[in-house]
Structure formats: structure tokens, C-alpha cells
Amino acid sequence: MSQSSGLNTTAWPMRIILWLFALMTVIPFGLLILTSLKSRPDLLQGAFVLPEYPHFENYVSAWIDGHFNVYFQNSVFVVVPVVTISIALGTLTGFGFAFLSFPFKRTLFVMMTIGMMVPTEAFIIPLYYEMRYTGLINTYAALILPQIAMSIPFATIFMASAMRQLPQEILEAAVLDGARRSYILRRVILPLMVPAMSTLALFLFIWTWNEFLIPLILVNDDSFRTLPIGMLFFQGRYTVNTPVLTAGAVIVIAPLILAYLIFQRKFISGLTSGATK
Amino acid sequence: MSRSPLDAKVSSNLIFILPGLLIYGSLVFGPIIAALVLSLTSWNGISAPDWIGFGNYISLIADEVFFKSLKNNAILMIFYCAVPVCLGVALAALVWNLKQKEQLALRTLLFLPYIMPTAVLGIIWHWLYNPAFGPFNQALKLVGLGDYALPWLGDFTFVLPAVGIVASWYFFGFCMVLFLSGMQRIDPSLFEAAKVDGARGIRTFFFITLPLLLPEIRIALLLTIIASIKSFDLIFTMTRGGPANATLVPNIYMYQLGFQLNRYGYAAAVAIVGAILIFVVNYAVHRLVRPNHAGDAS
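In order, the protein sequence lines correspond to chains A and B.
Just so we're aligned: the first sequence equals residues 1 to 277 in the numbering used here.
Just so we're aligned: the second sequence equals residues 1 to 298 in the numbering used here.
No lab work stands behind these hints: they were computed from the structure.
By construction, the Cβ of each residue, glycine as well, lies at the ideal position given by its N, Cα and C atoms.
Some hints here could point you the wrong way.
Non-contacting residues of chain B with respect to chain A, defined by C-beta distances greater than 10 Å in every case (computed) [to be verified]: (1) Asp7; (2) Asn13; (3) Gly20; (4) Phe29; (5) Asp50; (6) Ala149; (7) Lys230; (8) Asn245.
Quick partial rundown of chain B residues pointing at chain A, CB under 10 Å, derived from the structure [stated by the list, open to error]: (9) Gly25; (10) Phe54; (11) Gly55; (12) Phe174.
When you get a sec, could you build the whole thing from the sequences and use the hints?
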């Protein structure tokens, strides 16, 4: 069903403007993919000229010589535990903030919201020294633990507000049946939380996959670098080899585009409504 | 608030919240407090920090480089906030008139940059802007504007707008989608009534759409202003604050002071000022841009 009032007479110029903006948005990505399939001589023919045949060997160079295989693996090694542990902890803490009473509840809640507002740059220096003193610099833990800690406020508030919307009767009935709380959380609440948790997972996936500052500061060994930061150092090393650089960029954004195309509606509604909270 | 049936005694409640709070406290909130304390010291990262009270903050007031970074940030706000929000509202109003399928297609395309890592977008745009073989200048030459094919990221005058445009490009689709979701909330009968009263497109836009979109405009302003104060990844990958501090922003300055010059106390003070700015903006936007009550349930 269309909620619009139908096309009026100015529709065509309007649509052209809109599609021009859409084109502007997509052209950089199009050029990226095009260039990633060129040879270096092809490149000299001009940025908008098609190559004679696609040079997929750029992807092989980026993947192997450019260490994107290592970076990709590291990104996956970091994203998977961050998303799962953050959701688990966010569910527990969110459950606490939604239903349970404990001292300093308001203060703790304010502390959480402060953590959501303060940028990572503001506390990266103490965090760096904390990681150094605990010997975690250049480990996966340095990439995973701070990322989980940074995700907890949002995960908690997100899960708590989703749980508060549950019908009270269901919870009361479960309590009357004499079920234990951990059982209620696992068997009654969690199944109802699946939509909220999948939206949360999407958020955490993008944030972690795209994180730049944490791996920039807390890791300086190439074998621990994740994709965005690996790409930066790759650019420093091979600044002239544009086709391989662009192939690397495609490797970084391909999983995001794939996830976006599959979960498109969830992405858009999730990210915009998440912003509203 | 009434007690939830799930509530129990505090000692058994704590099991649920402690794991999360401990990790958060030790790796985020603790470091925030530590940064506050550190900003009151002079520290080179090796010897014991010297307590100097508000010395760093007093030095900041006289620091021309810091003021330059604030000024750059203020200019960048035009590109981070004003351009995407204005463009977003205008495009949302246009897209609204289209059929559902076309709306969805445009939404999907325009939203795309928002899910990308800004660091990688910075590297991509660094290449697009390349003076010798970058596609941007090649396109200018193709359409006969070769005289304007400047070394964008090396030019003192144009480097800040060149970086800013990338931020506008990143945010405008997101703003548009946000406003479209706001327009879905508006009662369609209002548009009908306006039509009956003979109001035309532009008038409907200014007198109905715009006022009713104020809540979403407020959110968009808040997010983009905060993003501009937080800006680091994009600038770091495109220019590192150069040339000659032409794109320096507080967070880049913090990075240089801390991780390159080992002036950790001073760097922490710069970072804390940035965080305070975010709180001020948050408060100001909440106070100043009040949602219009007409047609709103609240």
C-alpha cells in the first residue's frame, strides 16, 4: 500500500534529482569494485574505462601478500566473541535493570549512560596503560574485552527496554508456577527476546567490524590487526598498487554489504530506531 | 515503581548484574575517571605523573593549535550536521511522493554508506581525491573542468571542505531515512486537510512536515553534532590532521599529543574537553530544539 498522495506534475524532475543523489552515493563503491578488477596498465587508461577482462588476481594478492587473510580472520575472531558475550552480559544486566532491585540502581544507570556518551578517544590513554600493565597489548583480549565493555551500556539499556515491554501476566504466571528465575529467564523470556537480540547482534556486529581506534592503539603487531586497521597499514606499504588496495577495500566491505542485503529492513529500521533511543 | 514478581533479595539479584558491571567498570568507567585524574597531571608515560591541578586546562586556553582544532571542528559541523540534515529533509519530502517500491530502492541505496567503516571510507576517498590518478580529478578533466583538478587533500583552502563533503556523503542518506520514518508517524489526514485547504507542496512542507518532524530533526542534529566532535577515523585516514593542521580536530590533536609526543596529561585534558563538549551539546539540543506539541500526543 502506498501512503503517498500519488505522483504530481513535478514528479519527473524530482525523481531525476533523487536518483542523481542515489548515483552519487553508489558511484564510489562502483568505482572501487571496477578498479579492483583492473591491472595496473588498465589503470593508466583512465578511471572509468573497463578492463579487457576482470583481474581477480588482485584479490589473491590482497588476500595473501596483503595479509588480508590474517586481518579477515582476526576480525572474525574478534567479532564473534564480542557479539555473543555482549548479548549474554547485556541480557543479564538488562534483566537486572528491568526487573530486579539493588542498591544504587539509579546511579549505576547514570554511569552506564555516561559510558554511552563519552567517546572512546577520551579514555583511550588510561585504557592503553591498563592493557600494558596487565600485559594484554598485542593479544586478542586487548581487542575483545574493551569492545565488550564498550558494548555493555547499549546492550543493557536495549535489552532492559525490550524486556519491560513483555506482558506482565506471562512473567507472573511463570512465577506462580514456581519456576526458578534462571529458568524463567532462559525458557520464558529469552525465546521472546529473539527479535530484539538479533537487532542488537546486528548493531554490535557493525560497530565491532568497523572499530578503528581500539586496534589502532592496543595492537601494533601485524598478526593481530583487524580489517580496517590492517587496510590502513596496507595502504602505507603499497600506496602505488591501487588495484590491490581497492581489492582489499572490497574484502573489508563485502561482508557488510552482504549482511545489509540480507537483513536490509532490519538494518534500516534497527539503526534508525536505535538512534531514537 | 511496583515490585516485579521476579525480584528477590539483593544478594541473589547481584549475580545478574555484576559480571556486566565489573567489565564495564574496569574497562570503560574506570578509565574515564582515570582520564579525568590524568588530565590534572603532567605525565610523560614513564616517570611518576606530576600533579599540576588545572594547569593543563589553563595551558589549553592559550594553545593556538587547540583553538585551530576547535575552529576546524566548528567548520566541519556545517558538513557533518547542516548539510546532511537540510539535504535529508528535502530528499525525504521528495521521496515521500514516490511509490513504495521506488521509495524502498532509494532508501536502500542512500543508506548504504552509513553501515560502512569510516576508516575504510577515508582510505577510499583518499584514493578518489588523488591528484594524479584519482577518479575525482579524472572526472573533472573529462567534463572540461581540468583547471579545477586540484590536489584536494594537499590544498590548505580546500582540504577541510573536501574532508567535510565525505562526512556529508556519509550522513545525508541516514538523515533522510530517519526523517522518512518520522513522516510515517504523521497523521495522513493532516496532509489531506492541507490539500483540501489548497496548500501546495512547498507550503505543506514548511507548515506541516517540517514542524512535525522536529523530534527526528533533534535526533539527527544530536547524532551528527556528536559525530563531528568525535570525528577521528575519517580524518586520520584521509589527512592525519594535515596539511599544516588544516584539518586538525581535537581528537587528532589528542592522538598526536599522547601517542606521538608522550604528553599524556595534556592529551587527556584535550580529550576531556571534547567529552564535555558532547555533554553540553546534548543538553543544549535537548533544551533548544523542543518538539512541537501541535499534532503530537505528548
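Structure-based check of all given hints:
Listed as a non-interface residue, Asp7/B fails to keep its Cβ farther than 10 Å from every Cβ of chain A; the least gap is roughly 5 Å. Residue placement check: Asn13/B does not keep its beta carbon more than 10 Å from all beta carbons of chain A (closest about 4 Å). Distance check on Gly20/B: its Cβ comes as close as 4 Å (rounded) to a Cβ of chain A, failing to clear the 10 Å threshold; non-interface status is violated. Consistency note on Phe29/B: stated as away from chain A, yet its beta-carbon is not over 10 Å from all of that chain's, at 6 Å minimum.
Look at Asp50/B: its CB is around 16 Å from the nearest CB on chain A, clear of 10 Å, so calling it non-interface holds up. At roughly 12 Å from the closest C-beta of chain A, the C-beta of Ala149/B stays outside 10 Å, upholding its exclusion from the interface. Not every C-beta of chain A lies more than 10 Å from that of Lys230/B, the closest at about 4 Å, which undercuts listing it as non-interface. Interface exclusion of Asn245/B from chain A stands, the closest Cβ pair being 18 Å apart, more than 10 Å.
Interface hint status for Gly25/B: upheld, as the beta-carbon distance to the closest one in chain A is roughly 8 Å, under 10 Å. Here the hint on Phe54/B is broken, as its CB sits about 17 Å from the closest CB of chain A, past 10 Å. For Gly55/B, the interface hint is violated, the least distance from its beta-carbon to any beta-carbon of chain A being 17 Å, above 10 Å. Hint status for Phe174/B relative to chain A: holds, with the closest Cβ pair at about 8 Å, below 10 Å.
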